[in-house]
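Kindly produce the complete structure, drawing on both the sequences and the hints.
There are 4 protein chains.
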Amino acid sequence: MIKVTVWHENYHDRTDEATQAMYPGGMHNVIASFLKKDEEFEVRTATLDEENCGLPDEILEDTDVLLWWGHAKHDDVPDELAKKVHERVLRGMGIIFLHSAHMSKPFRLTMGTSCTLKWRDNDRERLWTVLPQHPIAKGVDEYIELESEEMYGERFDIPQPDELVFLGWFAGGEVFRSGCTWYKGLGKVFYFQPGHETNPSYHNEQVQKIITNAVRWAAPQVMIEKLDCPHYASLEKKRLENN
Amino acid sequence: MIKVTVWHENYHDRTDEATQAMYPGGMHNVIASFLKKDEEFEVRTATLDEENCGLPDEILEDTDVLLWWGHAKHDDVPDELAKKVHERVLRGMGIIFLHSAHMSKPFRLTMGTSCTLKWRDNDRERLWTVLPQHPIAKGVDEYIELESEEMYGERFDIPQPDELVFLGWFAGGEVFRSGCTWYKGLGKVFYFQPGHETNPSYHNEQVQKIITNAVRWAAPQVMIEKLDCPHYASLEKKRLENN
Amino acid sequence: MIKVTVWHENYHDRTDEATQAMYPGGMHNVIASFLKKDEEFEVRTATLDEENCGLPDEILEDTDVLLWWGHAKHDDVPDELAKKVHERVLRGMGIIFLHSAHMSKPFRLTMGTSCTLKWRDNDRERLWTVLPQHPIAKGVDEYIELESEEMYGERFDIPQPDELVFLGWFAGGEVFRSGCTWYKGLGKVFYFQPGHETNPSYHNEQVQKIITNAVRWAAPQVMIEKLDCPHYASLEKKRLENN
Amino acid sequence: MIKVTVWHENYHDRTDEATQAMYPGGMHNVIASFLKKDEEFEVRTATLDEENCGLPDEILEDTDVLLWWGHAKHDDVPDELAKKVHERVLRGMGIIFLHSAHMSKPFRLTMGTSCTLKWRDNDRERLWTVLPQHPIAKGVDEYIELESEEMYGERFDIPQPDELVFLGWFAGGEVFRSGCTWYKGLGKVFYFQPGHETNPSYHNEQVQKIITNAVRWAAPQVMIEKLDCPHYASLEKKRLENN
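Protein chains in written order, with my numbering: chain E, 1 to 243; chain F, 244 to 486; chain L, 487 to 729; chain C, 730 to 972.
A portion of the hints provided could be inaccurate.
Derived BS3-like pairs (lysine-lysine); straight-line CA-CA distance at most 25 Å [unchecked claim]:
#1 E:138 - C:847
#2 F:469 - F:348
#3 C:812 - L:604
#4 F:326 - E:83
Just so you know, the hints here were simulated from the structure itself, not pulled from any lab data.
The following block contains the structure:
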């Protein structure tokens with residue numbers, strides 16, 4: 001089983017009618033819903049308004065892959081929690097940053113860059129698959145039409161991705177590295193651009209497939225307790241001593 | 244002119260006789276000394292024990308390429324200063340992290356990883372040039388012998404480098420990605436492993452050449468004032484309106 | 487099922503006693519043997535001395551992952567076959583190049599570089615895992631001791647790998663990028679350095695695990711019939727016509 | 730001085746009126762013309778219709794950076810010449826592949842992939858700068874408008890670039906990795922997509938700046954005579970013998 005936690009700031013979902021209409025029950029539950037179709041996933045949700053921002057240590061330590069959606073309330077995530085999430089990634093947890101999570105504290109800590117970009121509401125996107133042989137693109141079409149999505153445009157201030165899986169084309173004239181992976185510490189990181197709160201992207205089956213694939217891809221292989229710099233005795237000296 | 248600031252925690256140089264004997268006048272001055280041979284460099288030093296840790300805003304903003312050496316006193320660098328250095332890199336400044344700076348706050352912020360590794364004093368290193376066509380390897384031999392250097396061994400917890408320029412071989416049995424580059428924001432970053440405070444590496448002419456090359460390579464090409472996410476009007480809409 | 491073909495030039499195995507003693511029945515059969523322990527693999531062998539060099543079209547087209555070992559007889563592989571193998575990789579087949587296959591025609595065609603390196607017989611290698619979170623490193627130790635292996639040393643003339651999974655340390659003083667991956671076309675490529683014909687590396691359980699992992703990792707996800715440059719009608723024009 | 734050779738298949742320029750009107754005197758001469766404005770460049774042209782296809786050994790060996798434009802006559806370039814060009818790149822020569830040279834023999838040999846893509850005449854392109862801190866992007870705007878250019882669309886079958894410098898947006902709905910770099914052997918390679926023979930891209934000052942920058946960037950740093958796999962005596966053994 002892969003233990004998945006869908007974290008959501010859950011702000012527009014409680015305050016904005018358009019968001020509520022688009023994602024009844026909250027976007028985190030919509031995402032959890034389609035992830036649950038994968039029988040190997042054990043899916044939880046967690047939201048900012050819950051105690052400990054939904055991520056007490058026992059939940060975070062029990063999570064294999066974390067999905068993160070935030071937008072208006074990045075600053076309400078305590079620095080300490082952001083550091084814990086980041087550190088857990090370095091120790092092996094997979095993490096998927098969705099859409100406006102590009103400016104979230106954990107993403108910025110993980111990238112080591114500003115993660116700034118250009119933006120505009122209500123554009124039309126065509127998402128191109130650039131690396132169809134990547135596990136995250138499994139079963140994904142040559143391109144996906146998203147009739148209404150927020151434009152995110154270059155220059156996206158990220159480190160050069162280890163793998164560029166999807167490129168976004170916007171009708172207004174911009175391009176974007178919309179699906180990128182990085183190894184970070186022992187964890188795997190995927191950033192995926194579609195998913196504005198008033199746009200239907202998470203209802204799109206191809207988008208759901210991508211996120212589901214990404215969870216599988218990001219599942220931990222190695223997980224450690226502690227990050228440290230051990231003193232390391234000379235293997236060659238030991239060898240001489242043993243002979 | 245490239246404005247270079249050599250920053251040094253300057254601790255062992257004031258407290259440890261072996262360090263003083265190895266780098267009379269302080270390691271920062273030894274490094275500044277060989278950099279000054281390049282007539283296009285305007286070289287300053289700055290140390291942790293100076294006011295504002297040697298890096299008040301007016302110095303940091305006036306620096307094109309910063310070199311950073313720290314080891315025992317990483318924690319004495321205020322978080323705020325580390326963030327400023329990191330942010331200045333993202334806005335375009337070049338930075339070269341030397342040896343034990345792998346655990347410095349600015350390096351860890353810039354990498355987004357733990358930067359942990361294995362270590363051992365007093366080993367022997369052979370530094371291999373893997374990417375001789377890289378500007379940082381200009382004029383550098385196939386390998387460099389360092390009779391006495393601190394062993395740093397894999398796994399080095401860094402993001403996959405954009406370019407792997409040098410690989411270290413240690414007599415005790417370890418390997419290390421000893422010279423790595425990354426684009427980070429608008430800045431260029433080089434990490435270079437040799438340089439323990441009681442070892443003579445910075446007196447080695449080949450090492451001096453590498454660091455000099457790295458300063459030239461890291462010199463800023465684009466420099467911005469502010470990192471932000473601008474709203475961006477549709478270029479295609481403007482186009483239609485203009486026609 | 488993953489259809490695996492182990493291709494071997496099978497020269498030393500027929501002419502050299504030391505090789506025969508090390509790999510009774512031929513190295514290809516030893517490799518096929520441990521791969522067959524994975525129940526999802528359907529394993530065949532093919533050798534240069536067979537008809538069509540062991541790789542008639544019907545075999546090649548029926549192969550998901552090809553392993554390639556060659557050394558003394560690279561030139562006996564017809565250019566046409568090398569091109570077919572290369573083209574099949576571009577259409578999606580996975581391929582694993584073992585040891586001296588670094589100078590094989592298919593590897594050089596796939597890399598687009600000379601693949602030259604330094605070498606010396608009968609050294610001792612310690613293989614370090616640099617990317618433990620990579621599928622190919624699953625279950626692999628921090629390092630593997632190979633008491634006797636051929637030294638391959640840098641500069642290894644390969645394109646910068648997409649992923650550097652293993653680094654080799656040699657007692658004689660050299661380092662080597664011993665385990666590297668690349669996406670090439672729709673195929674996945676793994677190069678793995680250990681495996682000299684008179685050394686016991688393919689009897690090493692950790693080495694067997696790496697090669698088994700690599701086969702799984704390289705299994706095709708997308709496979710196409712033909713590589714071409716299609717004329718592509720404007721999606722936006724179609725869209726306007728449909729509205 | 731950087732010795733630059735602009736190679737052109739020079740076919741449309743001799744047979745097609747639209748091309749002749751767009752690039753009077755031949756596209757190679759137009760390109761050579763703007764390159765000559767850089768006083769450090771010594772610029773030659775060479776065309777397919779000349780003796781030895783314009784590239785006898787003495788010219789090729791005397792070239793630091795080669796530009797290559799071909800389209801309709803890729804097959805008329807002898808395999809032997811393509812191999813020589815490729816091999817010279819591996820020995821250190823810089824090379825810039827322009828537009829339809831994506832299907833040229835030297836590019837395909839150098840990439841090791843099929844280099845296929847989608848295409849359509851007479852679209853409109855907006856070329857975005859993704860890596861403004863790269864030497865090839867020096868002085869280049871945030872984006873360049875190309876009113877009429879051939880659409881090249883993803884999936885572009887190239888190895889993951891070492892650096893992705895420019896991304897193309899096309900009005901018809903496609904995206905393209907339009908400016909990419911690779912280290913290949915000791916040479917540096919830049920692919921740049923604009924430049925259809927009946928479109929005015931090479932008259933665009935920003936495009937000229939990019940190509941000029943690319944020539945400087947690709948100038949050789951290390952150049953060798955021969956590619957081989959030397960036997961290499963143990964450095965550690967020598968060391969013991971010397972002590």
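Okay, which hints does this one fail, numbers in order? As far as the earlier hints go, not one is violated by this structure.
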